[in-house]
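These protein sequences, in sequence, are chains Z and E. Per my numbering, the first sequence starts with residue 231, numbered consecutively. Per my numbering, the second sequence starts with residue 7, numbered consecutively.
Simulated from the structure, these hints should not be mistaken for laboratory data. Where a beta carbon is used, it is the ideal one built from N, C-alpha and C, also for glycine. Don't take each hint at face value.
Short, incomplete list of chain E residues facing chain Z, as computed with Cβ under 7 Å [said to hold, decoys possible]:
1. ARG24
2. TYR27
3. LEU28
4. GLU29
5. ALA319
6. MET320
7. ASP323
8. THR327
9. ALA377
10. SER378
11. HIS380
12. ILE384
13. MET387
Partial pick of chain Z residues on the chain E-facing surface, computed with a CB cut under 7 Å [to be verified]:
14. SER319
15. LEU321
16. PHE351
17. HIS424
18. PRO498
19. GLU502
20. ALA505
21. GLU506
22. GLY510
23. ARG514
24. PHE515
25. ASP523
26. LEU524
27. ARG628
Dumping the calculated BS3-like pairs for lysine-lysine here, alpha-carbon to alpha-carbon at most 27 Å [claimed, not checked]:
28. Z:LYS404 with Z:LYS369
29. E:LYS32 with Z:LYS508
30. Z:LYS369 with Z:LYS430
31. Z:LYS508 with E:LYS399
32. E:LYS362 with Z:LYS508
33. Z:LYS609 with Z:LYS574
34. Z:LYS404 with Z:LYS372
For reference, the chains in residue letters:
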Amino acid sequence: MFGWEFPPRLSGGLGRVCQALTGALARRGCRVTFVAPTVAGDEAPAGVTLLSPPPTADATGPRAEGGRRRWSLHPYRRRRPSSGPAGWSYLAGDGVYGEDLMAEVEGFGERAAALVEGEDFDVIYGHDWMTVPACLRVKRLKGRPYVFHCHSLEYDRGVFPDDEIAAVEREGLKAADVVIAVSRYTKERIVRLHGIAEEKVVVVHNGVDEPARPLPAVRGEGEEKVVLFLGRVTYQKGPEYFVEAAARVLGEMPEVTFVMAGTGDLLPRMVERVAELKIGRRFRFTGFLEGEDLERILSESDLLVMPSVSEPFGLAALEALVRGVPVCVSRTSGVAEVVESAVKVDCSDAAAMAGRIVDLLRDPALRREMARKAREEIKGLTWEAASGRIMAVLEGLRGGGA
Amino acid sequence: MPAVCLYFQAHQPFRLRRYPYLEVGKGGPYEDEALNRRLLDRVARRCYLPANDLLMGLIDGHGGRFRFSLSLSGCLLDQLELWRPDVLESFRALAGTGAVEFLGETDSHSLAFVYSPREFVRQVEDHAGRVERLFGHRPVTFRHTELIYSDEVAAAAGDLGFEAILAEGAPDLLGRRTAGVPYRPAARPRMRILLRNARLSDDVAFRFSRRDWEGYPLTAERYAAWIRGAGAEGGVVNLFMDYETFGEHQWEETGIFAFLAALPGEVLKGDDWVFATIREAACLVPDGGELPCPRLVSWADQERDLSAWAGNAMQRDALETLYSLEPLIGGRFDSRLHGTWRRLQTSDHFYYMSTKGRGDGEVHGYFNPYASPHDAYINYMNVLDDFAREVRKEAP
Numbered sequence: 231m232f233g234w235e236f237p238p239r240l241s242g243g244l245g246r247v248c249q250a251l252t253g254a255l256a257r258r259g260c261r262v263t264f265v266a267p268t269v270a271g272d273e274a275p276a277g278v279t280l281l282s283p284p285p286t287a288d289a290t291g292p293r294a295e296g297g298r299r300r301w302s303l304h305p306y307r308r309r310r311p312s313s314g315p316a317g318w319s320y321l322a323g324d325g326v327y328g329e330d331l332m333a334e335v336e337g338f339g340e341r342a343a344a345l346v347e348g349e350d351f352d353v354i355y356g357h358d359w360m361t362v363p364a365c366l367r368v369k370r371l372k373g374r375p376y377v378f379h380c381h382s383l384e385y386d387r388g389v390f391p392d393d394e395i396a397a398v399e400r401e402g403l404k405a406a407d408v409v410i411a412v413s414r415y416t417k418e419r420i421v422r423l424h425g426i427a428e429e430k431v432v433v434v435h436n437g438v439d440e441p442a443r444p445l446p447a448v449r450g451e452g453e454e455k456v457v458l459f460l461g462r463v464t465y466q467k468g469p470e471y472f473v474e475a476a477a478r479v480l481g482e483m484p485e486v487t488f489v490m491a492g493t494g495d496l497l498p499r500m501v502e503r504v505a506e507l508k509i510g511r512r513f514r515f516t517g518f519l520e521g522e523d524l525e526r527i528l529s530e531s532d533l534l535v536m537p538s539v540s541e542p543f544g545l546a547a548l549e550a551l552v553r554g555v556p557v558c559v560s561r562t563s564g565v566a567e568v569v570e571s572a573v574k575v576d577c578s579d580a581a582a583m584a585g586r587i588v589d590l591l592r593d594p595a596l597r598r599e600m601a602r603k604a605r606e607e608i609k610g611l612t613w614e615a616a617s618g619r620i621m622a623v624l625e626g627l628r629g630g631g632a
Numbered sequence: 007m008p009a010v011c012l013y014f015q016a017h018q019p020f021r022l023r024r025y026p027y028l029e030v031g032k033g034g035p036y037e038d039e040a041l042n043r044r045l046l047d048r049v050a051r052r053c054y055l056p057a058n059d060l061l062m063g064l065i066d067g068h069g070g071r072f073r074f075s076l077s078l079s080g081c082l083l084d085q086l087e088l089w090r091p092d093v094l095e096s097f098r099a100l101a102g103t104g105a106v107e108f109l110g111e112t113d114s115h116s117l118a119f120v121y122s123p124r125e126f127v128r129q130v131e132d133h134a135g136r137v138e139r140l141f142g143h144r145p146v147t148f149r150h151t152e153l154i155y156s157d158e159v160a161a162a163a164g165d166l167g168f169e170a171i172l173a174e175g176a177p178d179l180l181g182r183r184t185a186g187v188p189y190r191p192a193a194r195p196r197m198r199i200l201l202r203n204a205r206l207s208d209d210v211a212f213r214f215s216r217r218d219w220e221g222y223p224l225t226a227e228r229y230a231a232w233i234r235g236a237g238a239e240g241g242v243v244n245l246f247m248d249y250e251t252f253g254e255h256q257w258e259e260t261g262i263f264a265f266l267a268a269l270p271g272e273v274l275k276g277d278d279w280v281f282a283t284i285r286e287a288a289c290l291v292p293d294g295g296e297l298p299c300p301r302l303v304s305w306a307d308q309e310r311d312l313s314a315w316a317g318n319a320m321q322r323d324a325l326e327t328l329y330s331l332e333p334l335i336g337g338r339f340d341s342r343l344h345g346t347w348r349r350l351q352t353s354d355h356f357y358y359m360s361t362k363g364r365g366d367g368e369v370h371g372y373f374n375p376y377a378s379p380h381d382a383y384i385n386y387m388n389v390l391d392d393f394a395r396e397v398r399k400e401a402p
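Please model the complete structure; the sequences and the hints are all you need to start from.
In structure tokens:
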């Protein structure tokens, strides 16, 4: 199985998805070798082997950093802001990814394929376009069936998709024996935008793990409310709609705090927009968060808003829901098709979104009821269930293939 | 009898520490004490102590013919009182010679005049009281933060008893007039305005060590000749610059101290030339009549206006949010809250949020502890959010 991040090194949700998925597959008796550009090694679930290609010193290869050689990859091309004289920046990324992307993806493909050449396995499994070169090489070498697990499409990421990336993505989707899509929404786009046969695409929704800590109670009336945006601050996630809605809500409820947690290429523009709207008084930016900080921000929020322009799934919404935080999500998201009890909005209709946010913030009983119902609805969304469906796909390939 | 007026501005802000959202609600501390102490120690070692020594020697050596003016912001006074009383003593020793005039300004190096006239008055009065206690005379010359000036600033300073005021010799303000004589503020004809000679001042402050500058390397002899050229028809040549020019902005290795050491001798070679403090020049040099200035001018950047501190939306949102807290702080002027609010008014916080490119941007970058103006805004607003919660908690 090829991926590009794995805990503890994370950029977004995918590393955690890979960790949960490989663990669940291993519990079903599947032997998983997970290859990523960098693995720390101490977070492998039982039965999962983590590998990364050996370091090399050429220009397209891994770079030395912090005394260790490592690969740097980024699925979303962007510049990495430098840190300031004080050594920090709210705009700084996660530090997992680098810049010369296409060369790195190709380089990773080459070395990752070489790494597993001597191994024996039944199925090649790759997550998203970053692993396509690796998977195609191994497929050529070994002739095993190839599963492309699609978490996100290049067409989701921007108004102007990167043609090169879209081409790699398409090559992978076409070569794959089975495509797993994280939602019906994504399946429909794979079929329509990439011309992939419908029967080749299987929908498997993500699961979500229960938080380790007990759930916080929804806070009562009177306390100051916190509304959270959690995700990369990029076109895809619709951060500007969150800001516009915030301005409208603050016009009616001046004591609400809006928090934008995450970084991305649109963050500087969002900061400026907040200032232009003169809502900096009640609008906070956290920068990139992980671990304890992420847990804290979720537990302190009264509502999560996910106004994505195009969201294949939307794990952040599930993570809020299992913590008892109600969500407001855009209709163009995978999560909207699995959760009935979420407020669903058109991401670009700031007025409507603001209206729904105000309704929820003013009505603690409604929030409690929505959170409770939504939790019921997502009970079936577990990695146990998801891995069962994927296991069936894998068994089918092994039986029908070699 | 042409005069040279040297005036040095000394200021150090209390820079904020990284204050992420998850700390909002903890109630501080907001300032990066370790960083501020380190930078104060550095500037004391590189600039304040050696420059004070040098100037003291020049005052002694020229038997009272070398005189100049100095302004220390309240923030710098706070830092010296807290961490470097020895440096404060060395400034007091300069005051003791009688050859140095200390100026008045807003206590926290703020833009209060623009946003809160009441707070402006309190800050100027507090600062004047401190100067009198520390340096033995109540200031009679006023300089607003970053040399911000307008008819209204002059009137406000006049109401507080000031006799002279400083301004930038901005082309907009001067028109075809010369910066080489004092003027009368439109609203306060008994006061005098002294205008900075921008070119000659910046030759030292910004261009001294620039190798691609036609004047490089600048010797005291050559510079004195330029000064004499500028003052050929009498009047006053006003050289206003940051005190940190000496040893901090221009390092010792550039020869800046040797230049300063030689300058008085070179200027005084011209028989009738004198050095004067601001107040002396205001009294001695005949004025050039009334100088109206309806809009604000400053000494910063190319625009010479407020755009360095309030030029973009982040700066304006931060300033407006800050001053919107004044009613909540109410009359509690001596409280801890008021002291914190005052420190948050320091103009540097807003300067760090400037998004201007190139030329000016480089100057901004030099003083800036943040990675980006957006970081400066995010961090400042986190602190302000925390502070606003404190204020609301204690609101009567």
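Inset, instruction - Compare the structure with the hints numbered earlier in the document and write down the numbers of the violated ones, lowest to highest. - result: 4, 16, 17, 26 and 27
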